[in-house]
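Novice: Assemble the complex: chain C is given as a structure, and chain S must be docked to it using the hints.
There are 2 protein chains.
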Amino acid sequence: MSPFKNKKILKILDSWRDIWAIGNLSSVAHWDLETYMPLKGSKTRGEALARALSIRQKMFLAKDFVSLIHEAEREKDLTDPERGMVRLLLRDLKFYEKIPHEFLNELEKTTNEGTVVWRKAKDTNNFKLFEPYLTKIFEMNKQMAEYLGYKDSPYDALLDLFEEDLTSAQVQSFFDEIKTPLETLLGKIEKSTKYLTHSPLEDAKYDRKKMEELNQKILHLFWNDFERFRMDVSAHPFTTSFGGNDVRITTRYQDRDFTASLLGTVHEFGHALYDLQSDPELEITPVQGGSSLVIHESQSRFWENFIGTSEPFIEYFKKDFEDLLGQKLSTDDLMRYFNKVTPGVSRLEADEVTYHFHIMVRFEVEKALIEGKLKVADLPEFWSSKIKEYLGVIPKNDSEGVLQDIHWSGGSIGYFPTYSLGTFLSAQWASEISKSANLQISKLENYEQIKNWLGEHVHKYGSTYTLEDLLKKIGMTFDPKVNLKHLEEKYAKLYGF
Amino acid sequence: MSPFKNKKILKILDSWRDIWAIGNLSSVAHWDLETYMPLKGSKTRGEALARALSIRQKMFLAKDFVSLIHEAEREKDLTDPERGMVRLLLRDLKFYEKIPHEFLNELEKTTNEGTVVWRKAKDTNNFKLFEPYLTKIFEMNKQMAEYLGYKDSPYDALLDLFEEDLTSAQVQSFFDEIKTPLETLLGKIEKSTKYLTHSPLEDAKYDRKKMEELNQKILHLFWNDFERFRMDVSAHPFTTSFGGNDVRITTRYQDRDFTASLLGTVHEFGHALYDLQSDPELEITPVQGGSSLVIHESQSRFWENFIGTSEPFIEYFKKDFEDLLGQKLSTDDLMRYFNKVTPGVSRLEADEVTYHFHIMVRFEVEKALIEGKLKVADLPEFWSSKIKEYLGVIPKNDSEGVLQDIHWSGGSIGYFPTYSLGTFLSAQWASEISKSANLQISKLENYEQIKNWLGEHVHKYGSTYTLEDLLKKIGMTFDPKVNLKHLEEKYAKLYGF
Numbered sequence: 004m005s006p007f008k009n010k011k012i013l014k015i016l017d018s019w020r021d022i023w024a025i026g027n028l029s030s031v032a033h034w035d036l037e038t039y040m041p042l043k044g045s046k047t048r049g050e051a052l053a054r055a056l057s058i059r060q061k062m063f064l065a066k067d068f069v070s071l072i073h074e075a076e077r078e079k080d081l082t083d084p085e086r087g088m089v090r091l092l093l094r095d096l097k098f099y100e101k102i103p104h105e106f107l108n109e110l111e112k113t114t115n116e117g118t119v120v121w122r123k124a125k126d127t128n129n130f131k132l133f134e135p136y137l138t139k140i141f142e143m144n145k146q147m148a149e150y151l152g153y154k155d156s157p158y159d160a161l162l163d164l165f166e167e168d169l170t171s172a173q174v175q176s177f178f179d180e181i182k183t184p185l186e187t188l189l190g191k192i193e194k195s196t197k198y199l200t201h202s203p204l205e206d207a208k209y210d211r212k213k214m215e216e217l218n219q220k221i222l223h224l225f226w227n228d229f230e231r232f233r234m235d236v237s238a239h240p241f242t243t244s245f246g247g248n249d250v251r252i253t254t255r256y257q258d259r260d261f262t263a264s265l266l267g268t269v270h271e272f273g274h275a276l277y278d279l280q281s282d283p284e285l286e287i288t289p290v291q292g293g294s295s296l297v298i299h300e301s302q303s304r305f306w307e308n309f310i311g312t313s314e315p316f317i318e319y320f321k322k323d324f325e326d327l328l329g330q331k332l333s334t335d336d337l338m339r340y341f342n343k344v345t346p347g348v349s350r351l352e353a354d355e356v357t358y359h360f361h362i363m364v365r366f367e368v369e370k371a372l373i374e375g376k377l378k379v380a381d382l383p384e385f386w387s388s389k390i391k392e393y394l395g396v397i398p399k400n401d402s403e404g405v406l407q408d409i410h411w412s413g414g415s416i417g418y419f420p421t422y423s424l425g426t427f428l429s430a431q432w433a434s435e436i437s438k439s440a441n442l443q444i445s446k447l448e449n450y451e452q453i454k455n456w457l458g459e460h461v462h463k464y465g466s467t468y469t470l471e472d473l474l475k476k477i478g479m480t481f482d483p484k485v486n487l488k489h490l491e492e493k494y495a496k497l498y499g500f
Numbered sequence: 004m005s006p007f008k009n010k011k012i013l014k015i016l017d018s019w020r021d022i023w024a025i026g027n028l029s030s031v032a033h034w035d036l037e038t039y040m041p042l043k044g045s046k047t048r049g050e051a052l053a054r055a056l057s058i059r060q061k062m063f064l065a066k067d068f069v070s071l072i073h074e075a076e077r078e079k080d081l082t083d084p085e086r087g088m089v090r091l092l093l094r095d096l097k098f099y100e101k102i103p104h105e106f107l108n109e110l111e112k113t114t115n116e117g118t119v120v121w122r123k124a125k126d127t128n129n130f131k132l133f134e135p136y137l138t139k140i141f142e143m144n145k146q147m148a149e150y151l152g153y154k155d156s157p158y159d160a161l162l163d164l165f166e167e168d169l170t171s172a173q174v175q176s177f178f179d180e181i182k183t184p185l186e187t188l189l190g191k192i193e194k195s196t197k198y199l200t201h202s203p204l205e206d207a208k209y210d211r212k213k214m215e216e217l218n219q220k221i222l223h224l225f226w227n228d229f230e231r232f233r234m235d236v237s238a239h240p241f242t243t244s245f246g247g248n249d250v251r252i253t254t255r256y257q258d259r260d261f262t263a264s265l266l267g268t269v270h271e272f273g274h275a276l277y278d279l280q281s282d283p284e285l286e287i288t289p290v291q292g293g294s295s296l297v298i299h300e301s302q303s304r305f306w307e308n309f310i311g312t313s314e315p316f317i318e319y320f321k322k323d324f325e326d327l328l329g330q331k332l333s334t335d336d337l338m339r340y341f342n343k344v345t346p347g348v349s350r351l352e353a354d355e356v357t358y359h360f361h362i363m364v365r366f367e368v369e370k371a372l373i374e375g376k377l378k379v380a381d382l383p384e385f386w387s388s389k390i391k392e393y394l395g396v397i398p399k400n401d402s403e404g405v406l407q408d409i410h411w412s413g414g415s416i417g418y419f420p421t422y423s424l425g426t427f428l429s430a431q432w433a434s435e436i437s438k439s440a441n442l443q444i445s446k447l448e449n450y451e452q453i454k455n456w457l458g459e460h461v462h463k464y465g466s467t468y469t470l471e472d473l474l475k476k477i478g479m480t481f482d483p484k485v486n487l488k489h490l491e492e493k494y495a496k497l498y499g500f
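Protein sequence lines, in the order shown, are assigned to chains C and S.
Numbering-wise, the first sequence is residues 4 to 500 according to this note's numbering.
Numbering-wise, the second sequence is residues 4 to 500 according to this note's numbering.
This is chain C alone, in the form it adopts within the complex (with noise of 0.2 Å):
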């Protein structure tokens, strides 16, 4: 039965789907821009995009609809999905009140331009192209920090677009918590005979057409109804959906080191079913599918961390693998290859241990750069010195080090910390499943359970609970020690220490 019953509340969803049916059309174009799209066709899809965006905003204040929101705000008795709908429509309305049209539009033209000189710039090693760009993206975003308002520092109001209420205080309270014991920990890995800075396996090449199948074939582990799901090629992976029953990912391929083809799969296979799994009866609204970025991750990163270079899963594989790069394989070189750490200058490519440090360098730049403490043209400099500084590595350029990332030339800057946070509690559902369900995560045989519980305890709500409220709701807390206990065991076992 529909959860969604109040007058209000259904009077606002049919203004609602309107708003959802251009976002959702917008949602397609953009997964074809990422994956089919020729080349060219870019200018006039960014014009199309764009103007759908502003049609939306001017949709959602129109003034009747705003009134409905308020009224609906001041009732009782609400369903909890109906309660979630009115908080995320509250959120998207103080962010189109508080915003003047003028400037997002403005802000639209200047991340369009700038993800593209980020490209060039990225490409031809010249961050003094990208400088100016980068340098009005954080003046705009200073300046949204401003009208959106702030307690403590304007990152706050960043962050807060990215994830419900985060504080850079709650972040840096967890990265202090965290950074001794990774340190301590990539210390006693280092020192490890085991320790290797590269695998020969990462060198050796494979048949993309190969791989192409062995990745449909992990999936189809994991998955069986392909009429709701799919997967295609993108240059940057990622997941989106177009409601419940069409849930898509993308991986990407090179020509070597196939783990990062693969394990991108699985990540990406861990947001899909957040939304696969989301209850039917929460389609076409607003709390439809997973929208906390924290939740959302660490449901990737289970996936990825606890599964797919998992020793079980690896051994189901290993006669795929054998043939992919077609020679034999032993499940230590295998275990070792994909579960290798070692301090480098490329976030993507970072392992379960390091990755965190890449995340801190991010926060403590843009909060810096936010907050006025920084100059865009010195960033290079400082980029460099905090990597040396946690990772004891030195980016060769720019290219490799501060223009790595797509992020800041689209604009968000407030994300990274999300990827942390989610990452860590990931390794809370690993051990809540282990717990409450008395299951053996990384056996193949429980995925079928391990989907349920996800599904029952975490995905079908959608987005009607904050990250705080859901962990509350299953009687969780947020808990970096979890994750501290999960990599020191691991990697112990891993290089004996």
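These are calculated hints, taken from the structure and not from any lab test.
Each residue gets a CB set at the ideal place from its N, CA and C atoms; glycine is no exception.
A hint or two may mislead.
Pair ranges (Cβ atoms, derived) [said to hold, decoys possible]:
#, chain 1, residue 1, chain 2, residue 2, range
1, S, Lys331, C, Asp235, 38 to 44 Å
2, C, Ser176, S, Lys212, 53 to 59 Å
3, C, Arg94, S, Ala238, 40 to 46 Å
4, S, His223, C, Asp206, 30 to 36 Å
5, S, Leu132, C, Arg94, 44 to 50 Å
6, S, Asp235, C, Glu459, 36 to 42 Å
7, S, Ser349, C, Pro203, 57 to 63 Å
8, C, Ser57, S, Asp80, 30 to 36 Å
9, C, Thr334, S, Leu42, 35 to 41 Å
10, C, Ser402, S, Pro283, 32 to 38 Å
11, C, Lys212, S, Ser349, 32 to 38 Å
12, S, Asp235, C, Asp206, 30 to 36 Å
Specialist: Relative to chain C, chain S alone:
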């Protein structure tokens, strides 16, 4: 320089581009629906598309926008593209103003469901299943004709929706002119000693991957910029474009009778070229790309009938065909296979000669149903008797007969005649290009000049002109005799009479 200068026109364009944006994103979503969308995504996609359509209608009928169009109508000294734009906007306006919003929504709902039911009815050979939908669709189309108004037959109002100003009297007089000559020609072919009802090459299996490569090879011979153009796979081949720099065609693959996939690809390329060569100054305006269905079909049929089935083309790809089918082939056998003429029950598989009888049947049926002279319940019998009368064959069942086309289920009544008219017009392009540019059409080295000629005389104008005005501009008039002569000569040579 932009041909859009008039201040009123520029004002219209700015508002119209919002409507365009939603339509453009809807087109992308339609393309996706036919190519990549997981099956179960259809319900939610349908909801998004229906809402988007309804939003566009409302935007179009906004008082300010309507006034602007009427003001522009009174402007003097408009450029041709400006005048074309006003003409097309007035057509849309008439449609939206005369047909009630609720009626269109009801029609949209009926045809969406109707298409699903039609597919099932066709798959299970069950006309009765589809009958109530077909009845309702024809009833609604009758009603639509009344809303729109007409002089002679209500069918005229529907024909005009697909081809501006086309009347049933014109279509009738066209069919009257071609019917006897085509019957005579078919008689001669059937009496020829070289007549064959079945070519062994139809049964030869092919490898899908090789066929894909061959289709791509052909497209690369025709066109070189694949940053503006791409091909995908769908059940029913079609062409669509989201701007002059993002034009897409689809093809399909069975496992035998490779000309279906090959000539389908060539056919759709002809459509695509129209949009690819539209003047870039028309981008994101109502006159961009071809809108006359007759001109459009004349382009696709030109490439299909005058290039794809020509001897030099077949000669050029002979080795590829041999490789595809794994056997030695003679140009003679290939020519007879590519240009086989045999009466059959299927429109889609019909040849250059018998095709038009299929359209005559559909024209008679549609006209009789819309004029109330035939009942849907009597349709299967009427259909079979007409096919028998014109082609001497009888469909084995309704799936092969009256249920074969998707058009009616989608609400398209009055569309079919444009296929025959366009095909006949295609011969006039061939004749005009040979004469005015002094080019032998079928020679491969002339493709570039042919494309340029079509670009300069037809494509660049987009839909600035009506069919009649465009022909006038080039100094041509529609004349069925040109294609009749072409068919007579072509088949006399092939069948030796």
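Novice: Decide, hint by hint, whether the structure agrees.
Specialist: Each hint tested on the structure:
no.: 1; hint: S:Lys331 x C:Asp235: 38 to 44 Å; in the structure: holds (40 Å)
no.: 2; hint: C:Ser176 x S:Lys212: 53 to 59 Å; in the structure: holds (56 Å)
no.: 3; hint: C:Arg94 x S:Ala238: 40 to 46 Å; in the structure: holds (42 Å)
no.: 4; hint: S:His223 x C:Asp206: 30 to 36 Å; in the structure: holds (34 Å)
no.: 5; hint: S:Leu132 x C:Arg94: 44 to 50 Å; in the structure: holds (47 Å)
no.: 6; hint: S:Asp235 x C:Glu459: 36 to 42 Å; in the structure: holds (38 Å)
no.: 7; hint: S:Ser349 x C:Pro203: 57 to 63 Å; in the structure: holds (59 Å)
no.: 8; hint: C:Ser57 x S:Asp80: 30 to 36 Å; in the structure: holds (32 Å)
no.: 9; hint: C:Thr334 x S:Leu42: 35 to 41 Å; in the structure: holds (39 Å)
no.: 10; hint: C:Ser402 x S:Pro283: 32 to 38 Å; in the structure: holds (34 Å)
no.: 11; hint: C:Lys212 x S:Ser349: 32 to 38 Å; in the structure: holds (36 Å)
no.: 12; hint: S:Asp235 x C:Asp206: 30 to 36 Å; in the structure: holds (35 Å)
When the structure is compared with the earlier hints, no violation turns up for any of them.
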